[in-house]
Amino acid sequence: MTNHLERCHSIDLAGPIDRVFPLFTPIGETLWVEGWDPEFLHPRGGETQEGMVFRTSHGDETTLWACTNWQPSEHRVRYARVTPGSRFGFVEVTCRDTGGESTQASIAYTFTALGETGQSYLSELTEDAFVDMIESWKIGINAWLSKNGVASPA
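Under the numbering used here, the very last position in the sequence shown is 340; numbers go up by exactly one each time.
Be careful, since some hints might not be right.
[What the hints assert, rightly or not] Estimated spans, in silico, between C-beta atoms of each pair:
# : residue 1 : residue 2 : range
1 : 246       : 284       : 13 to 23 Å
2 : 250       : 292       : 18 to 28 Å
3 : 303       : 222       : 16 to 26 Å
4 : 301       : 334       : 35 to 45 Å
5 : 239       : 259       : 35 to 45 Å
6 : 257       : 231       : 36 to 46 Å
7 : 313       : 283       : 36 to 46 Å
8 : 187       : 257       : 29 to 39 Å
Think of the hints as simulated: they come from the structure by calculation, not from any bench.
All residues carry an ideal CB built from backbone N, CA and C; glycine is no exception.
Work out the full structure: start from the sequences and follow the hints.
Written out as structure tokens, the structure is:
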């Protein structure tokens with residue numbers, strides 16, 4: 187069984203970088219991820235900053251998140267996350283301006299299993315499954331961008 191994995195995939199998004207990058211913050215994700223409803227523990231207002239802490243629930247799992255690296259001028263953010271009894275991980279998003287109205291986002295996940303539940307999760311997160319997941323982000327983000335024009339989401 188897999189105990190540790192790293193996955194990375196890049197997607198091309200139909201919006202300028204200053205419009206796209208904020209969509210990878212906890213508040214920004216509420217705009218395009220169905221069911222994404224973070225509970226902000228610090229700061230309570232949910233503004234993204236290093237040291238912010240929030241909680242999400244999906245099914246019967248609760249995940250605790252912390253922003254460990256916030257570099258908006260470089261269009262990069264990194265989160266540490268733990269799903270107790272299952273897995274610990276990092277999620278890093280880096281956006282790159284690809285000219286005009288388009289942005290490339292690179293999404294990297296690193297997971298370490300914390301037990302059998304996590305090992306099972308990791309074994310199911312094949313390279314193909316990860317690509318499918320991130321490609322679904324592309325569909326959601328591009329649909330939101332198309333529907334909401336070019337005004338800033340935040």
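Hints and how they fare:
1. For the pair residue 246 and residue 284, the beta carbons lie near 39 Å from each other, so the given range of 13 to 23 Å is not met.
2. Judged by the Cβ atoms, the range 18 to 28 Å given for residue 250 and residue 292 holds: they are separated by roughly 24 Å.
3. At about 22 Å, the CB distance of residue 303 to residue 222 agrees with the hint of 16 to 26 Å.
4. The beta-carbon spacing between residue 301 and residue 334, approximately 41 Å, falls within the hinted interval of 35 to 45 Å.
5. At about 23 Å, the beta-carbon gap between residue 239 and residue 259 misses the expected band of 35 to 45 Å.
6. About 20 Å separates the C-beta atoms of residue 257 and residue 231, a value inconsistent with the hinted range of 36 to 46 Å.
7. Taken as a hint, the range 36 to 46 Å is violated for the pair residue 313 and residue 283, whose Cβ atoms sit roughly 27 Å apart.
8. As the Cβ distance of residue 187 to residue 257 is approximately 35 Å, the hint placing it in 29 to 39 Å holds.
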